[in-house]
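**Q** Residue numbers (my numbering), protein chains in the order written: chain G, 8 to 405; chain R, 8 to 405.
Check each hint, because a few of them may be wrong.
Since the list gives no way to pick out one identical chain from another, each pair is judged satisfied if it fits inside one copy or across any two copies.
[Claimed, not checked] With a straight-line Cα cutoff of 20 angstroms, these simulated SDA-like cross-link-like pairs (lysine to any residue) come out:
#, residue 1, residue 2
1, Lys386, Ala306
2, Lys162, Arg343
3, Lys352, Val35
4, Lys101, Gly18
5, Lys313, Ala230
6, Lys313, Glu131
7, Lys313, Asp56
8, Lys352, Pro104
Calculated from the structure, these hints are not laboratory results.
Listed below are the residues making up each chain.
Protein chains: 2
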Amino acid sequence: MTVAARILPTGIPPLRREALEAPDSGIVEVFEHGFGRPGLIPLWAGEGDLPTPGFITDTAARSLAAGETFYTLQRGIPELRTAISAYMSRLYGKPLPPERFFVTIGGMHAIQIAMRIASGPEDEVIVPTPAWPNFLGALTVSGARAVLLPMQLEKGRWHLDLDRLAAAITPRTRVIVVNSPSNPTGWTATGAELHAVLELARRHDLWIVADEIYGRFVYGGDARAPSFHDFAGGEERVLYAQTFSKNWAMTGWRVGWLEAPAALGGMIENLVQYSTSGVATFVQRAAVTALEQGETFIARQIEIAKRGREIVLESARRTNRIELAPPEGAFYAFFRVLGVADVRKAALALVEEANVGVAPGTAFGPGGEGYFRLCYARKSEDVAEAMGRIEHWLAARS
Amino acid sequence: MTVAARILPTGIPPLRREALEAPDSGIVEVFEHGFGRPGLIPLWAGEGDLPTPGFITDTAARSLAAGETFYTLQRGIPELRTAISAYMSRLYGKPLPPERFFVTIGGMHAIQIAMRIASGPEDEVIVPTPAWPNFLGALTVSGARAVLLPMQLEKGRWHLDLDRLAAAITPRTRVIVVNSPSNPTGWTATGAELHAVLELARRHDLWIVADEIYGRFVYGGDARAPSFHDFAGGEERVLYAQTFSKNWAMTGWRVGWLEAPAALGGMIENLVQYSTSGVATFVQRAAVTALEQGETFIARQIEIAKRGREIVLESARRTNRIELAPPEGAFYAFFRVLGVADVRKAALALVEEANVGVAPGTAFGPGGEGYFRLCYARKSEDVAEAMGRIEHWLAARS
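Isolated chain G (complex conformation):
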């Protein structure tokens, strides 16, 4: 359906509903409000403060110097697909062959392709919220309808109600989105929860779009979060979006992968061809290096996040006004502040008055009202300084 956009100049023909309705990101509004402010501590985005390590950037520079600047393979170069396969097989303790992996322009592009495969106009996609706003964005653009399912904060833990999830399924449902560990809440599904969701998807013949990109950022002592890999067969209904952004500090590179049944390979190749036509070979070479030599760096990243998390939790205990479920995974604090109701306004004020950038919880859909999200994957001094500024700001307003 095209829609006449009456506010636009007269030379603009009708615009498609799916494009018009793509929501503005509520994170971007605050980001743009504070972008470039001297001394601001930016905890609004999902990235740390470390640039990509030199051993990764050097590989890209060498590939460029060697003239690897021509068109490349749409599924990814074999070296990278093999390296991803080795990494994932090791992490999940089972053979995951290279044929399952498709290199994409970041996790976002993997989600776009997954949504195109599984859903579109007339279809419904269930998204537990609070959720990363880009899920809703991508499925709006695909033409599908989002069915938002607010999670509950119970006894200090976010909780996915499986009965309510089952009740949300209609004949039009095509996909359940599961993001565990969760951005923004830190909720990390147990194995039993994932297994139950998978059984539900099997019973109703649904796709699962699984975002497990924070799977190594967990705080309960395990090496990784539970995963659909622990329960699902290779040639079935799970589409996994993955990224190099978080583990290897490569947010700005725009490289990730889609993991899918190998039987969909031809279709996925075409969807890459007609959207981005592949990922630069020199970027893919750097990604191979990240996978093969990045473990020490990842351990350091996780350690930084652990310390940041502790600092936020201490601040919450100290002030007695900041409330949150201790995040089980990912690297965000999703918190309420007693006495602060309008979080969008407060996030803008925190930029101006405290020089700290946090994201308003309203950006993350139903269940996020009254919350803020901050990213603590930064050096301890900065996280401590930011929490101090927030505490000071709160004290001045109590």
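Fit chain R to the given chain G structure using the hints.
**A** Below, chain R without anything else, positioned relative to chain G:
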């Protein structure tokens, strides 16, 4: 509409029609048949034999070394949007402000976004053919219906019949795709033709998706091809897809831009956010250098294409079996061979028996039957050697 894919494993839920129907590229089939063959001269793809020049790659390497590896702005960094604006304003002799330019993952991504803005399910998009297969691919994925309008080869020139174009417009038509200079035919619209198409679009309130990426590769003595910029106002119905691939030998970098009415900026920013989330800053820095320092290199690229074109035309004259309209622009020869009807089979045989890679005309839609496409933007020796091999192969089969 989702479709049960009966040939797939039982754990695969229904797949969306738009994804299933995305066509395989007929170029890729031949490419994969011959990929990696020793000594093969690859004229099947739209790229030259020169890697990206060092002054461009060096900029990317410097940006990487400086740690520019973080999330970036969705519309592109201001420096690049300003540099594109300066370049385009100079080329088209009119002010085109930075607000019109949106950095994308190559021209393909710009086309995907343009299609999402302007068309979708229930809509029709008119594509004159023979055409680059990715137009059809992108609009199939968007859910729109392609209305293919075969062009005519008349008196040694490809010809767009404006009466037939007007007759193809229905109440469902939303977009006319115009690719001039054309890949694959080399057809280059006159100013009068472009003006007539624009008037038609104005009359029926349609979008034009304009691919003018070969605009500087013209062979009639002008500095550039006629453009919709010569006739259309800034805030009206033309969406231009552009790329760094051809002028600056950056096919593998995946960077280009969408030029659109500035009033659509917020929408385009969201469509970038929910598909690729921007282009790497270090790639954008390299693109700035390309625009600011690339003119000598472009002149050389055009010179190479001119020589390649002459070699192909001489070969056609010599053999008396190769027929083509001398290409007015772009850098492809789209030719017929007397006595060769099954071009797909012949293209595969040319790989095996002559060690030359060309694309079968069938890949380019109605009007392409019986034709081959080859790219002559390579060094003269290789083009001459390839034509010699083709002539020899033909002679052995006559």
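**Q** Enumerate the violated hints, using their earlier numbering and listing them in ascending order.
**A** Violated: hints 6 and 8.
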